[in-house]
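Chemist: Given next are the chains, with one letter for each unit.
Protein chains: 2
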Amino acid sequence: MSGLSRLSLNTATTKKWTLEQAIEGCVRAGIPAIAPWRDRVAEAGLERSAQRIREAGLRVSSLCRGGFLTAADPEGQAAALADNRAAVNEAVALGTSELFLVVGGLAPGEKDIQAARQRVADRLKELVPVAADAGVRLVLEPLHPMYAADRALISTLNQALDLAAPYAPQEVGVAVDTFHVWWDPQLEASIARAGREKRLASYQVCDFNLPIAADALLSRGMMGDGVIDFATITGWVRQAGYTGDIEVEIFNQDIWDADGDQVLATMKERWLELVQPFA
Amino acid sequence: MSGLSRLSLNTATTKKWTLEQAIEGCVRAGIPAIAPWRDRVAEAGLERSAQRIREAGLRVSSLCRGGFLTAADPEGQAAALADNRAAVNEAVALGTSELFLVVGGLAPGEKDIQAARQRVADRLKELVPVAADAGVRLVLEPLHPMYAADRALISTLNQALDLAAPYAPQEVGVAVDTFHVWWDPQLEASIARAGREKRLASYQVCDFNLPIAADALLSRGMMGDGVIDFATITGWVRQAGYTGDIEVEIFNQDIWDADGDQVLATMKERWLELVQPFA
Numbered sequence: 030m031s032g033l034s035r036l037s038l039n040t041a042t043t044k045k046w047t048l049e050q051a052i053e054g055c056v057r058a059g060i061p062a063i064a065p066w067r068d069r070v071a072e073a074g075l076e077r078s079a080q081r082i083r084e085a086g087l088r089v090s091s092l093c094r095g096g097f098l099t100a101a102d103p104e105g106q107a108a109a110l111a112d113n114r115a116a117v118n119e120a121v122a123l124g125t126s127e128l129f130l131v132v133g134g135l136a137p138g139e140k141d142i143q144a145a146r147q148r149v150a151d152r153l154k155e156l157v158p159v160a161a162d163a164g165v166r167l168v169l170e171p172l173h174p175m176y177a178a179d180r181a182l183i184s185t186l187n188q189a190l191d192l193a194a195p196y197a198p199q200e201v202g203v204a205v206d207t208f209h210v211w212w213d214p215q216l217e218a219s220i221a222r223a224g225r226e227k228r229l230a231s232y233q234v235c236d237f238n239l240p241i242a243a244d245a246l247l248s249r250g251m252m253g254d255g256v257i258d259f260a261t262i263t264g265w266v267r268q269a270g271y272t273g274d275i276e277v278e279i280f281n282q283d284i285w286d287a288d289g290d291q292v293l294a295t296m297k298e299r300w301l302e303l304v305q306p307f308a
Numbered sequence: 030m031s032g033l034s035r036l037s038l039n040t041a042t043t044k045k046w047t048l049e050q051a052i053e054g055c056v057r058a059g060i061p062a063i064a065p066w067r068d069r070v071a072e073a074g075l076e077r078s079a080q081r082i083r084e085a086g087l088r089v090s091s092l093c094r095g096g097f098l099t100a101a102d103p104e105g106q107a108a109a110l111a112d113n114r115a116a117v118n119e120a121v122a123l124g125t126s127e128l129f130l131v132v133g134g135l136a137p138g139e140k141d142i143q144a145a146r147q148r149v150a151d152r153l154k155e156l157v158p159v160a161a162d163a164g165v166r167l168v169l170e171p172l173h174p175m176y177a178a179d180r181a182l183i184s185t186l187n188q189a190l191d192l193a194a195p196y197a198p199q200e201v202g203v204a205v206d207t208f209h210v211w212w213d214p215q216l217e218a219s220i221a222r223a224g225r226e227k228r229l230a231s232y233q234v235c236d237f238n239l240p241i242a243a244d245a246l247l248s249r250g251m252m253g254d255g256v257i258d259f260a261t262i263t264g265w266v267r268q269a270g271y272t273g274d275i276e277v278e279i280f281n282q283d284i285w286d287a288d289g290d291q292v293l294a295t296m297k298e299r300w301l302e303l304v305q306p307f308a
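As they're listed, the protein sequences go chains A and B. What the first sequence shows, in our numbering, is residues 30 to 308, in sequence order. What the second sequence shows, in our numbering, is residues 30 to 308, in sequence order.
Honestly, I wouldn't trust all of these hints.
Said to hold, decoys possible - Example chain A residues on the side facing chain B (calculated, C-beta under 7 Å, incomplete):
#1 Ala136
#2 Lys140
#3 Ala178
To be verified - List time: in silico BS3-like cross-link candidates among lysine-lysine, alpha-carbon distance up to 27 Å:
#4 A:Lys154 / A:Lys45
#5 A:Lys140 / B:Lys154
#6 A:Lys227 / A:Lys45
#7 A:Lys297 / B:Lys140
#8 B:Lys227 / B:Lys44
#9 B:Lys227 / B:Lys154
Said to hold, decoys possible - Over the 10 Å line for every Cβ pair with chain A, so calculated as not near, a few chain B residues:
#10 Glu84
#11 Asp102
#12 Val157
#13 Thr185
#14 Gln188
#15 Phe237
#16 Ala245
#17 Gly264
#18 Thr272
Rather than coming from a laboratory, the hints here were simulated on the basis of the structure. Cβ coordinates follow ideal geometry from the N, Cα and C atoms, glycine included.
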């Protein structure tokens with residue numbers, strides 16, 4: 030089996046590529062799985078996307094992403110539910126059972142983080158049955174606390190597991206993204222808990238670059254370029270029983286500006302050196 | 030008693046002021062306490078600084094800061110201990126019992142966050158007796174996880190309390206700085222724990238501004254300008270039994286560029302509206 034057998038390209042890494050280009054890039058590079066973002070799927074058309082991915086022989090490791098569930102007004106909440114229902118259908122069409130949720134931040138002007146977090150729990154109550162009926166697992170992704178206010182009020186893996194607790198493991202899972210959680214003093218214990226609770230639905234790797242980029246969203250780096258110890262975290266994920274695909278998802282202007290095939294070549298090198306031996 | 034009776038100016042807020050100017054500014058504004066940074070004290074001279082603060086009738090709420098304890102080499106560790114011994118002596122001379130520690134990040138090139146965190150514990154073992162002999166409490170400050178790699182490997186209040194646990198409450202305390210901890214899902218419980226364990230040594234307020242500044246260190250904002258719910262967090266700190274000074278410490282280029290007296294005027298307004306009623 031190739032050393033690449035669990036590697037998946039999250040299409041955010043090659044932002045300037047269309048979905049078709051990303052599919053072709055994976056095939057050229059011998060990368061067996063892909064995690065498409067919904068905007069790229071929408072551009073190409075859902076049925077066409079699903080067909081092209083199937084024809085190329087790629088697995089879909091996850092769909093990125095639903096979420097943004099924290100609207101405080103009924104209209105915003107209805108819109109969020111409608112969008113997430115659509116995302117569930119897209120996941121089904123694409124042949125993946127894993128739908129990432131980036132749950133959203135505070136409502137505009139809001140300061141009550143506890144109320145906003147409660148709204149995430151409330152929307153999950155409505156959304157889980159929809160996803161479960163379709164055979165799709167909602168994957169709660171804790172984001173780095175620097176994004177708590179405007180992107181995701183889930184800031185730690187333990188918090189994600191607490192939110193998932195009312196549901197069956199096949200209904201609500203959690204994701205470990207090294208960038209978001211590497212700093213957490215409870216990370217080892219939380220990953221072990223996710224394994225015990227059978228909720229480890231995805232493992233994403235990228236590095237935490239310093240200094241933090243001027244646009245803080247773009248501080249994600251190629252594995253090896255930042256401060257993260259992939260051997261240790263990957264080992265914890267392995268010990269927790271995770272055997273699925275491992276996605277590389279990098280938001281980084283330099284990487285976006287680089288040639289896509291070269292990015293995939295570097296990604297494979299770093300994967301084989303820093304992640305795969307410990308996975 | 031004036032509504033300002035627990036307000037303290039951390040001199041980082043008025044970065045362009047000398048210590049003398051900050052002292053005079055506090056006196057003009059009716060602010061009864063000050064938290065000097067060591068570089069400002071060094072500029073003015075230690076004895077002179079202590080004398081001027083005494084003459085002005087100001088309390089010293091804390092000294093900022095010691096720390097940076099994570100060097101991996103013996104020379105770096107010796108230098109860190111020497112610097113922190115000096116900081117202890119400066120705290121004594123200035124008449125404060127509270128010495129902030131920003132514990133430092135990874136060593137250059139290091140990726141082993143667990144080893145680096147262990148070095149913090151190891152250096153504390155050496156430093157605590159020195160500080161305790163001088164009647165100075167070491168105040169562990171959890172910093173926002175975005176600074177974990179390069180400034181402070183203590184990222185949550187619970188982690189700070191765990192590190193403090195081997196020592197008496199009067200030897201090692203913890204600080205709550207709203208900017209650093211507002212996002213923490215365990216914040217309420219951690220603040221209560223700090224109170225129970227009698228380690229709540231300082232409360233600092235400033236806001237978390239969005240978007241994150243291009244220099245991520247400078248995202249601290251004036252209370253009310255960002256996303257933080259001061260009423261709630263201040264209430265938790267009060268319930269935990271904290272009755273000490275409350276420092277305003279803001280790193281923010283716009284505030285640094287503004288007229289110092291105007292900054293203090295705004296600070297008092299926001300304090301009286303957003304913090305003091307709940308303290």
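Chemist: Now tell me if each hint is right for this structure.
Modeler: Status of each hint after checking the structure:
The beta carbon of Ala136 of chain A comes no nearer than 11 Å to any beta carbon in chain B, farther than 7 Å, and the hint placing it at the interface is violated. The beta carbon of Lys140 of chain A is positioned within 7 Å of a beta carbon in chain B (closest approach about 4 Å), and the interface hint is therefore held. Evaluation of the Ala178 of chain A hint against chain B yields a held restraint, the C-beta minimum of about 4 Å falling below 7 Å. Distance check on the hinted pair: Lys154 of chain A and Lys45 of chain A sit about 36 Å apart at the alpha-carbon level, beyond 27 Å; violated.
Restraint check for Lys140 of chain A and Lys154 of chain B: the C-alpha separation of about 40 Å exceeds 27 Å, so the hint is violated. Pair hint Lys227 of chain A plus Lys45 of chain A does not hold up; C-alpha atoms about 35 Å apart against a cutoff of 27 Å. Between Lys297 of chain A and Lys140 of chain B the alpha-carbon distance is near 21 Å, which keeps this suggested pair within the 27 Å criterion. Distance restraint check for Lys227 of chain B and Lys44 of chain B: the Cα-Cα separation of roughly 32 Å exceeds the 27 Å cut-off, and the hinted pair is therefore not satisfied.
Restraint check: the Cα-Cα separation between Lys227 of chain B and Lys154 of chain B comes to about 20 Å, which is no more than 27 Å; the hinted pair holds. Non-interface status of Glu84 of chain B relative to chain A is upheld: no Cβ of that chain comes within 10 Å, the nearest being about 40 Å off. Against chain A, the non-interface label of Asp102 of chain B holds: every CB pair exceeds 10 Å, the least being about 19 Å. With a least CB separation of 20 Å from chain A, Val157 of chain B remains clear of the 10 Å interface cut-off, as annotated.
Its closest Cβ contact with chain A, about 6 Å, brings Thr185 of chain B to no more than 10 Å, contrary to its assignment away from the interface. The claim that Gln188 of chain B lies off the interface is violated: its Cβ sits roughly 4 Å from the closest Cβ of chain A, which falls inside the 10 Å cut-off. At roughly 7 Å, the least C-beta separation between Phe237 of chain B and chain A is not larger than 10 Å, which violates its mark as non-interface. The beta carbon of Ala245 of chain B is not kept farther than 10 Å from every beta carbon of chain A, the shortest such distance being approximately 4 Å.
For Gly264 of chain B, the condition that its CB be more than 10 Å from all CB atoms of chain A holds, with the nearest at approximately 12 Å. Once the 10 Å rule is applied to beta carbons, Thr272 of chain B is consistent with being away from chain A; the minimum gap is 25 Å.
Violated hints, in rising order: 1, 4, 5, 6, 8, 13, 14, 15, 16; the structure is consistent with all others.
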